[in-house]
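Chains as they are written, first to last, in my numbering: chain A, 402 to 742; chain B, 53 to 304.
There may be inaccurate statements among the hints.
Quick partial rundown of chain A residues pointing at chain B, CB under 8 Å, derived from the structure [unchecked claim]:
1) G425
2) L448
3) V449
4) A472
5) P475
6) D486
7) S504
8) A530
9) R531
10) I702
Label-pair ranges, simulated between beta-carbon atoms [claimed, not checked]:
11) L109/B - R609/A: 56 to 62 Å
12) P643/A - R201/B: 49 to 55 Å
13) R411/A - M116/B: 25 to 31 Å
14) F127/B - A419/A: 26 to 32 Å
15) V283/B - D563/A: 55 to 61 Å
16) I148/B - R411/A: 52 to 58 Å
17) R411/A - A163/B: 42 to 48 Å
18) L222/B - W467/A: 35 to 41 Å
19) G57/B - S513/A: 49 to 55 Å
20) P200/B - R575/A: 46 to 52 Å
21) G534/A - M53/B: 30 to 36 Å
22) G534/A - L222/B: 23 to 29 Å
Hints in this document: simulated from the structure, not taken from any laboratory.
Everything numeric in this text was worked out from a predicted model, so none of it was measured.
Think of the CB as a built atom: it goes at the ideal place given N, C-alpha and C, for glycine as much as any other residue.
Here is how the chains run, residue by residue.
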Amino acid sequence: MLEVDVEVDRRAFTVRAAFQVSPGERLALFGPSGAGKTTLLETVAGLVPRARGRVVLAGRVLTQTWAPRRAVPPWRRRVGLLRQDPGLFPHLSVRQNLAYAPSADPSGEEISRIAEQLGIGELLDAVPARLSGGQAHRVALGRLLLAHCDALLLDEPYTGLDGGLRRVLTDLVRSLVAARQVPAVLVAHELADAQAFADRLAVLDQGRILQVGEPDEVVLRPVSQRVAELVGYRSFVPVTAPAGAVAGVHPERVTVGAHPRLGVVLAGPVLAGRPSGAGWEADIEVSGVMLSCHLADRPPIGQGDFPVTLLDPPCFGPDGALLPRPEVSRPGVSRPEEASA
Amino acid sequence: MAGAGIIWVALLGPVFALLTHLSWHAIGSSLSAPGALDPLVVSVESGAVTLAVLLVLGTPLAWMLARGTLPFPRFWEAGVLCSLLLPPLVIGLLLIFMVGPYTPLGSALGAVHLSATNTFLALVIAEVYESAPYYVLGAQAAIGAVDPRMEEQAALLGDRPARVTRRVTLPLAGPGLAMALAVAWARAMGAFGAVVIIAYHPYGLPLQIWTSLQETGLASALPFALVLLVVALPLPLAAYIWSARARGRRRG
């Protein structure tokens, strides 16, 4: 179990967060750049001496800034950190990199086994400069596994690699975390990366954890308008009741036509449309608000009001907090009559 | 390319001139005189001691400059640059005020029967002054080029700081440190300005060239220049080759 409850002062704000990760569990810290995600990981790794609070890993107190004080140095933490740059030692061969940790099994038997498992068995005598990005990341991962870390920290490790490779490596880490039963924490600023990896997702903004939940729950039921913005809701349209409430519009949670049972029905002219992936992205203007929607087919541009339904959208009160579902599940919404007409 | 060729040929010009103006006879007569090779021994010994001093005292300074662990780092850097900017002759003159026999430091040395003028110690002091800034600045660049994240990764894998230094920092900074040391060696072997003021004796090779020139003329001085070149060259050359190989290996 990894237990973290820390504060770190930064120039603009104080990062203040508490979370727990069970053995074998994968937590993703998701948030915009500069939210304090990496600071949190580095605090767990013991790389932020000015951090205050408490970090406990597998029953060992690694950091405690009150009596009895404790500050275990990085080299005794048994915490593995993987960054975007795999950080292989350029003067050592792949085999020497894998066997770097003093705690690595010196016999070489485990090195061969893990190298095979990671698909780098043929590369043991190569130097890091000869490896592709994906191979270098596999070696870096193998090095952490051979170090027998008690926790795995991943700081956007696969940003910059192509999608297919990213998925393969993410799956590999998932299976290794399950096999080793260590807590794992991933930092990501791409929601899809965080969701692909995690059992649990924490949304971080300005140093605070705004919401923790299942990877789908956080997107479908963001607890506040700010969380909704962070997880991809691009616009907010006023709803009729209660006064001042708005419904969040996620481009991927919009369907064509008026389906009052599925959610909130809106209608407005399509101002623009452009291909996006296998579908279309359309800009629809409703009550002076521009909605960006992902649709399956090309929408009719500039041909009168086009009805769409927001699928079970989260609604937020004037204070930005999520409103309970029953109040807004009825289609008592802006201009539903026109839409169905 | 043309520019590179021009400067290379221009730099080698004096060496060609030296080789074309030497005769076997002059070499034989100059170097066979009794004690003729003593300056060579003095130069190599003082150069070696100078390098040891630089390694022991200069490396930590370079390290701290590179890592920004010193307060007011620009102030410390300016200090190193000052010694680089002062002409060696001026440094020699000023050293008289610092370590000459009538200074507190000089009398302290005298109390333990040492002297920092016209002794081997004085020669080493002068050579250290002439070569230290080159070593410190070069070593600072070499250490500064090591990615701190490499060291951080090594620490997280379980290495204590001393082990990180031994297994990661020094091997990665090695080629650059070797080059800095090679430059410092060349400066120490050729040191003249400060040496001629505070360490006229014992003669090293540059002083030998100077006195031969004054006493018997150019023909007898040139062979010592050849000796200086031959003796000083192998270390920098080896450092160059080793650095290039190490860098090549890392590039794959």
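Okay, which hints does this one fail, numbers in order? Violated: hints 1, 3, 4, 10, 11, 14, 17 and 20.
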